[in-house]
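Number of protein chains: 2
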Amino acid sequence: MDDFVFRNPTKIIFGKGKEKSVGKEALAYGCRVLLHYGGGSIKKTGLYKTVITSLKEAGIEVTELGGVKPNPRVSLVREAVELCREKRIDLILAVGGGSVIDSAKAISVGVPYEGDVWDFYSGKAAAETALPVAVILTLPAAGSESSDGSVITNEEGMLKRPYGSSLLYPVFSILNPELAFTLPKFQIACGIADMMAHVLERYFTNSKPVGLSDRLLEGTMKNIVDYAQSVLINQEDYNSWAEIMWSGTLAHNNLFGVDRENDWASHDIEHELSGIYDIAHGAGLAVIFPAWMKYNYRQDIDRFAQWAVRVWNVEEDFWSREKTALAGIQKFEDFLRSLGLATTLEGVGIDESRLEEMADKCTNGDTITKGGFVKLNKDDVLNILRLAL
Amino acid sequence: MDDFVFRNPTKIIFGKGKEKSVGKEALAYGCRVLLHYGGGSIKKTGLYKTVITSLKEAGIEVTELGGVKPNPRVSLVREAVELCREKRIDLILAVGGGSVIDSAKAISVGVPYEGDVWDFYSGKAAAETALPVAVILTLPAAGSESSDGSVITNEEGMLKRPYGSSLLYPVFSILNPELAFTLPKFQIACGIADMMAHVLERYFTNSKPVGLSDRLLEGTMKNIVDYAQSVLINQEDYNSWAEIMWSGTLAHNNLFGVDRENDWASHDIEHELSGIYDIAHGAGLAVIFPAWMKYNYRQDIDRFAQWAVRVWNVEEDFWSREKTALAGIQKFEDFLRSLGLATTLEGVGIDESRLEEMADKCTNGDTITKGGFVKLNKDDVLNILRLAL
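Sequences listed follow chains A and F, in order.
At position 141 of the first sequence (counting the first as 1) the number is 140 in numbering that gives the first Met the number 0, and the numbers step up by one without a gap.
At position 268 of the second sequence (counting the first as 1) the number is 267 in numbering that gives the first Met the number 0, and the numbers step up by one without a gap.
Calculated from the structure, these hints are not laboratory results.
Since this is a predicted model, take the numbers as computed values, not measurements.
Keep in mind that a hint or two might mislead.
Treat identical chains as interchangeable: a pair holds within one or across any two.
What the hints assert, rightly or not - In silico DSS-like cross-links for lysine-lysine, where the CA-CA straight-line distance does not exceed 30 Å:
1) 207 to 15
2) 330 to 207
3) 15 to 374
4) 184 to 123
5) 68 to 86
6) 23 to 184
7) 293 to 17
8) 42 to 55
9) 293 to 55
10) 19 to 207
With the hints as extra help, turn the sequences into a complete structure.
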């Protein structure tokens, strides 16, 4: 087990109707709130009205900024930074999924910073202070509601880059599974692929032994598989949504991956896909992860075999560990397809024309490697992309 | 899944030699520290010197109070409260296991409180503020290093009572598995029984569905079973100790039990045993829990069968779910015995003479019930104690 430091201060408020208490919760952080959201679906569902009512009843002055797009843009973040300064905002309330939360997190470090907020994402600066961010989650997927990370896209060059800091943990996150009832099926499927990927990025490791975190990660994957079909078939099944939503949060609050080397190459490769083609992150992961597995499973066939047996109930082939491992990868790919997701680049409308460009961008012109479990150079990334065609 | 609020702010610092950084960590809370410890084993092992050196190098003024006994006494807590006031202590540093940590937590709420600290444990008062508590853990067992609970014994009437408050989460806890290398085997075994009990108190529930927390609790139990023998046989096996120590912490930080009704009757019954007979808490739990199971498994045979199959690898008897359930209980009892623990009252030196008195105290003269999964009155508690003879 690796040494680690872990502290996740986010207060999770979980259950039916909990968004109604947002005003009371928010007031602890001040009386000027930026309400940050996406394309306006919260107005259709009535959530917007509930939130505004709760905030106003608490005596909070609300400034609004909607319009966050999937793969959230740095241009909107910059606009929001100026707005927060002008309005002397105390708390940024993100109402939405990962894109809205990540946009809010970028704003939170941008406001007190003298330079340009992209400096954090380009590796030029580290945040020293931040405005508090709070969340009402509408899309179980990214896990950003209790993570220390954020991913932003810079339209200049379509660069999609992550930034992590303990300052980015939300101060509180409200999780009401009912808010997921109205999601389109495709978004649900992408969300499930994303949370599975968060577990897998931690699961494939060279750290040994990692008995407890293996069990916890396996349990989380099994539970996602157990309830995925239920939420796709009966979208108003509260209990199944509760299982999926809580799984998505724990998949990425980092408790289960803190004692082990993580990988994260699949996320980095996917960021090039959604950066250039603007596809949904989860849809990109469903393409990249199976290819990444096929390219890398020989790094630790025992680990892949354990995963196949424990998570996918593959019956062990005692004369061929490799067959056991490969059967697990097959089951994972079958699972992704059962959600209605494509597992090839062709299936998400990407041809081979820009693979080289993506591999180059991902490895910064072959000057850096990606991944922890297996270190990938530009050629490796290109091979994985080709395997995914 | 039940509604919940969860926030665990304890910073976990895990790894070899991490106790050397205690001075730097402590300084963030002030420069006057009460060093609280037990019977002096930390002086034999050299830990005392390491801690004092680190604190002094950070410029911290140290006040010492050792002498915490297993089943920590309110009299010492009262003494410490006076001492902290006199020395204007900023932070209480507990170096030890659950008894020392629980004593430190009681002191922490006692110092700013005008009345007697026992008021919290007798249910007469709720804490409104507390001094910060920090921990260097030497005995993986109680989970108090990242829990919001504390258990104290009042010598008048030998009452052992719990108190819980979010104010009781330690601000930081240093977990170095090396510090467990010198523990006596009996203490190791009691610690393992205690952490298993913390998982079981959460596992047996009427809340439905609890898919994710079932998986996480099962994974924690499986991991404790996987590594228990290793730490008993080879006490200097760092990696096995790391697994046991981290399991013990997660068994009781409440993340895995927050979405479900818990039970806790076995703990309450055991408190009467160790309150009156001053036996080790883990030793008492190894006696009470199997008896509690035999008395209550009919409440939900499906749940006991799931536990038997998933945790104990019992092969399901498809024609008798009860047989499957009972086979799990048998495996659990076998496991406790394999640690060298007794699973009968006789084995811990308790005869039938005071069973009635214990059942009466536990249920406050049959005026309250105990437990969440099954509600137990005085007769039920007495029946469980008789089953354990």
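- Query: Can you list which hints this structure breaks, lowest number first?
  - Reply: Going through the list in order, the structure violates hints 4, 6, 7, 9 and respects the others.
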